[in-house]
Amino acid sequence: MYSRNSFGSYYPIDSCLSRLNPVVKLINFLIIVLLVIFSMSTYVNVFMLLLVIIMMLLSFVPIKYYLNTFYSLRYIYILIMLLCYYFHTSLEVCLVYMSKVVIVVEYLNILAYTTSPSESIYGIEKFLSFFNFLYLPISKFSFKLNSILRYFPLYLTVKYKTQKASSSRGIDYNSLNVFKRIYLSFKNHKNIRRLTKYRNNEISKCSELRLYDIKKYRTNYRTNKVGFYDIFFLLFHLVLLYAHAVEGGLI
Amino acid sequence: MKDYFKYRYSKDIEFNLNEKTHLIILGNSSDFFIDTLLNNNDKSNVFIGDVELNNESIQTVRKRMCVVLNKHLNVFVGETVKDEIAFGLESLAMSKNEIHELIEVESKRFKIDKLLEKDPNSLGSSDKVKMKILSYLIINPKILVLDNILSELDYNDKLLVLNILKEYQNDGGIIINVSNDVEESLYADKIIILYNNKLVCEGKTLSVLNEEKLLKRLGIGLPFIIELNKYFMDYGMIDKYQLSNEKLVGALWK
Amino acid sequence: MEIIFDKVTFVINKNTPLEKTILNNISFNISNSGIYSFIGASNSGKTAIGDLINALVVPTKGKVRIGNFSNGGRKIRNINRLRFETGYVYKNPYDMFFNKTVEDELSFGMKYFKYKTDKMSLRVNDALKLVGLNESYLELDPLSLNLVDAKKLALACVLIYNPKIIILDEYTNGLSSNDKNDLIRLLRILKTKYKKTIILLSKDTSFCYQVTDYVYLLSLTRLIKEGKKDILHDQELLASINLEVPKIVSFVNECNKKGHEINYYTNILDLIKGVYRDVF
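First to last, the sequence lines map onto chains A, B and C. Following my numbering from start to finish, the first sequence increments by one per residue and tops out at 251. Following my numbering from start to finish, the second sequence increments by one per residue and tops out at 1254. Following my numbering from start to finish, the third sequence increments by one per residue and tops out at 2280.
Since the hints were made in silico from the structure, they are not lab data. Worth double-checking, as some hints may not be accurate.
[Stated by the list, open to error] These stretches of chain B come out as covered by chain C in the derived footprint (C-beta under 8 Å, 3 or more residues):
1) 1116–1130
2) 1144–1156
3) 1238–1252
From the three backbone atoms N, C-alpha and C, an ideal C-beta is built for every residue, glycine too.
Just chain A, same shape as in the assembly (with noise of 0.2 Å):
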């Protein structure tokens, strides 16, 4: 496989958001997505896209990456457009609207990027612990969560090979046009989602193999304890919860 940082991999460069403590960055996630949903205010929301730009900045990942994700939405713009035309809305809010959409994703991409995926379900399983007087089962919940998250790059490498297998054998994906592409891909979606659903398994049971004690917990060696950078940017994220809290007339 010679391609790899598809949508949302790990990048492994050393940068000060990578060493940032995982439950905090998920505790900062969660507060990205509250004000999203409740806001409505421009001043917040700018300033959140101005963080969010910032954050991807100093994660030293190429923008290029940001931008192949910011370029394949474009649809979804428009989209928004026509909607906000159709609805007589004002340009600010259109504007809004939009920059919400880009708030969320190139978010999601920069922990994606900035977070080994061991150490991201190591931070949920220890956010989770705090609910641990629900007697949930956490381990065996983050195990199925782990696999969630894997479901889509992998379904992404399992089409390139299949791709790639059957090109071999008969069907040259890129001489063909695109209506018959998008014809062959309809196609092969459920032999894609065998394979994928296969492979997931596979990987499920290679970790089972190593998990040595399921009851107790399980350290990571990436993680670093809560140090200077994270109180620093989970004060910014709640700088921005109590502006909005004050716009909203809540204080």
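Position chains B and C relative to chain A; hints supplied.
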């Protein structure tokens, strides 16, 4: 410890292993055997130390007996080589510093210390095998089962890994090498032949390799140097086994 | 069919931190039918040679010519014709499988290449017999087979549409000695009776020494030496590029070192006769 590993499968297969043994299993029933070791089977009884393999004890058994599968040679649980190796240590709840130190020391031994931050998909097949063996050997199991993977190694890497396995064996480990390549039997102490899910032959290396007709009939064949020895003995040119090229040439032209 | 590599360089993931040179300035020329081996340790670029001949990737510099087709940057017209003539068996046979049953898998190549589709079931059974499997495999899931059966099935999927060039990528890893002898017989029939060009990409020098006509040695992305079988007699060269000397050759080298002149045979029985003659 006497008879650390005991294996029974209905009435067809029955054998025991002591510590410090290197066993090779030949024949066409390799995936059947590996399957009984990984999952609980009604007809099989596997004892590792004093623990029997069943649904409750399966996690304890997996800590003592590690199986390195050929099917999982391209299946990775981590994004980098270091993640892949550290996965097992994280499951044992080791602290962060211990994991870093242990991986540094062991990866130097296997000579993959320069590859720790790479993507496992981009490694050559020889390095992948070394990484997989290291990630199982690092938790120090009592039994190490290798399923058809030593044939993927380059020549120098094969000598290195066999050296490391010999040190592991002298420290008290048991190695079970399930293989189709009969040349690897020269490194083992004991051979077991499983054919069509039945135990056909069991014994020390040279005595099993003496059964030339049986091995040829089952399609297994002989290692090259043993075959040369056999032909020369039939023609009366030498009178006992010589296992290296120099000794064989010395015995032929005395 | 001719295969010409003209100063080919192949680099992946260019201008990213994951950039890697797989092949560096490789040139060679294959014109007659026969068995050619490319021998090298892992990470020396063997799989890329197979990918380039089957036009699955495009070289960064240089050109690859296969018969009348040219793979060098421009789009290849009628690329399915090229793929029909070159059969490529992958290193990991499970990567080649994507159908539900073995029967679908075998008939896939014939259907899309539109090759003798009227006698499909007959050809499917023939292809299975050629590699050593039988009709009981037809309804199984290809991903559930064990490694040796999967390798044989992958070879059958390629042989079924009768290509002129057959590329085997690390085929002999994990085969038992019976299977290896069957493979030698099959390769010899394909070479002499059907005049095919067979390319073996391998690091198993003992196996290649028994069948090959011509040898190319690869190490760390470069083509170091090419020649007939006698370049495998050089012990220092092979040790420097991390390859094992074929077992027959190391025995004969030992005899020659002690002063007894023995020829380099490929067959063990001829070797025994040669030694017998020299001892007595």
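Hint check results:
1. Under a criterion of three residues with beta carbons nearer than 8 Å to beta carbons of chain C, the stated coverage of the region 1116–1130 of chain B is upheld, 7 such residues being counted.
2. Check result for the region 1144–1156 of chain B against chain C: holds, 6 residues qualifying (beta carbon to beta carbon below 8 Å, three or more required).
3. Against chain C, the region 1238–1252 of chain B contributes 6 residues with a C-beta closer than 8 Å to a partner C-beta. That satisfies the three-residue criterion, and the hint holds.
Violation of the numbered hints given earlier is absent; every hint is satisfied by the structure.
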